[in-house]
Amino acid sequence: MPRKGAIVLTSGGADSIPLLYYVVKVLKPEHTLAIWADYGQRMAEMERLGVEKNVEYLRQQGYNVSLKTVDIRWLGELSTSKLVSSEPLPETPVEKLESPEAARERILWWWDVVRNLQLVTIGLAHAESIDLRSYLKTRERCVYDVYIGIRLETPVPMKDNTPEFIEEMNRVAEIATHFGGYKVYAPFINLPKAAVIRLGDALGVRWAYTFSCYTNVGRWVEHPTYKDKVLLHCGYCSNCRRRALAFKDAGVPDPTLYYKRPLTDVEYEELAPNVYIEKRALTYTI
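Using our numbering, you'd call the opening residue of the sequence shown number 1 and step up by one each time.
It is worth saying that the hints were derived from the structure and are not from the lab.
Fair warning: this is a prediction, and the values are worked out from it, not measured in the lab.
Treat the hints with caution; some may be incorrect.
To be verified - Simulated restraints, written as ranges between beta carbons of each label pair:
| # | residue 1 | residue 2 | range |
| --- | --- | --- | --- |
| 1 | Thr162 | Ile72 | 39 to 45 Å |
| 2 | Val221 | His178 | 45 to 51 Å |
| 3 | Lys229 | His178 | 43 to 49 Å |
| 4 | Glu105 | Ala176 | 31 to 37 Å |
| 5 | Tyr57 | Val221 | 29 to 35 Å |
| 6 | Glu140 | Asp265 | 52 to 58 Å |
| 7 | Glu174 | Gly204 | 33 to 39 Å |
| 8 | Thr177 | Lys25 | 27 to 33 Å |
| 9 | Glu98 | Arg261 | 16 to 22 Å |
| 10 | Asp71 | Asp265 | 41 to 47 Å |
| 11 | Asp228 | Glu77 | 33 to 39 Å |
| 12 | Val266 | Glu52 | 51 to 57 Å |
| 13 | Glu167 | Glu30 | 26 to 32 Å |
Don't be surprised by glycine CBs; every beta carbon is placed ideally from N, CA and C.
I would like the entire structure built from these sequences, with the hints used as guidance.
As structure tokens, then:
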């Protein structure tokens with residue numbers, strides 16, 4: 001069955017933006033639809049801005065990419081995750097990133113109820129809608145596949161970041177759609193984050209316009225080298241530190257602006273002295 005297009009589920013981070021570039025530049029579908037979802041996450045504005053910047057950049061390069069934002073804030077109202085709260089987030093020391101015990105505790109900090117299931121079904125709904133509209137009009141199918149940037153990242157992986165999850169989603173794609181034939185892919189599922197960084201760098205990802213931070217200290221700040229406003233990261237949450245470690249392990253210069261240095265043995269761009277972080281972003285160390 002000919003594949004016409006691709007749907008990329010993106011959060012604007014250092015996994016899903018490289019995935020977007022990979023799909024657009026390597027797989028080269030006729031059209032790519034990037035979908036970003038607002039589920040009430042504290043970092044929603046920064047995520048959206050990062051996605052918009054990268055989609056705009058790809059369009060400027062001549063690629064047929066469009067962006068759709070989806071409002072599922074009702075999901076955040078159900079969630080117990082710290083990502084949808086306004087409370088200060090804990091600092092995660094580097095040495096605890098690979099601790100299974102610490103990972104088991106952190107899972108419930110970040111777990112949003114059935115989030116990835118919702119995202120995949122949103123992607124499938126768009127794929128089926130495009131296909132059915134084409135068939136009803138022309139009697140020809142227009143098949144899009146769905147791509148998600150999940151990986152086996154933490155010492156204790158979340159259940160919806162596993163190959164088993166993708167297998168189940170492909171079964172759902174067959175029994176829950178009229179025609180079937182839509183595929184759900186997670187190309188980076190078994191890749192270490194450093195490999196994703198290397199791939200993204202080779203594909204020209206604009207790293208300063210990706211956003212990984214969990215704290216929402218984020219705002220546009222002037223980058224001293226780029227002479228442009230980029231997205232500020234806290235540098236102390238687990239996601240910032242995983243991001244920083246991945247750049248280090250990949251051997252790729254990290255252009256991210258961090259409020260606090262995530263790694264002590266790496267040099268980072270210095271922030272302007274007048275950058276102020278609100279009191280609500282203060283943290284405690286576990």
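The hints, checked one at a time:
{"no.": "1", "hint": "Thr162 x Ile72: 39 to 45 Å", "result": "violated (22 Å)"}
{"no.": "2", "hint": "Val221 x His178: 45 to 51 Å", "result": "holds (48 Å)"}
{"no.": "3", "hint": "Lys229 x His178: 43 to 49 Å", "result": "holds (46 Å)"}
{"no.": "4", "hint": "Glu105 x Ala176: 31 to 37 Å", "result": "holds (34 Å)"}
{"no.": "5", "hint": "Tyr57 x Val221: 29 to 35 Å", "result": "violated (19 Å)"}
{"no.": "6", "hint": "Glu140 x Asp265: 52 to 58 Å", "result": "holds (57 Å)"}
{"no.": "7", "hint": "Glu174 x Gly204: 33 to 39 Å", "result": "holds (35 Å)"}
{"no.": "8", "hint": "Thr177 x Lys25: 27 to 33 Å", "result": "holds (28 Å)"}
{"no.": "9", "hint": "Glu98 x Arg261: 16 to 22 Å", "result": "holds (20 Å)"}
{"no.": "10", "hint": "Asp71 x Asp265: 41 to 47 Å", "result": "holds (42 Å)"}
{"no.": "11", "hint": "Asp228 x Glu77: 33 to 39 Å", "result": "holds (36 Å)"}
{"no.": "12", "hint": "Val266 x Glu52: 51 to 57 Å", "result": "violated (29 Å)"}
{"no.": "13", "hint": "Glu167 x Glu30: 26 to 32 Å", "result": "holds (27 Å)"}
Of the numbered hints given earlier, the model fails hints 1, 5, 12; all others are met.
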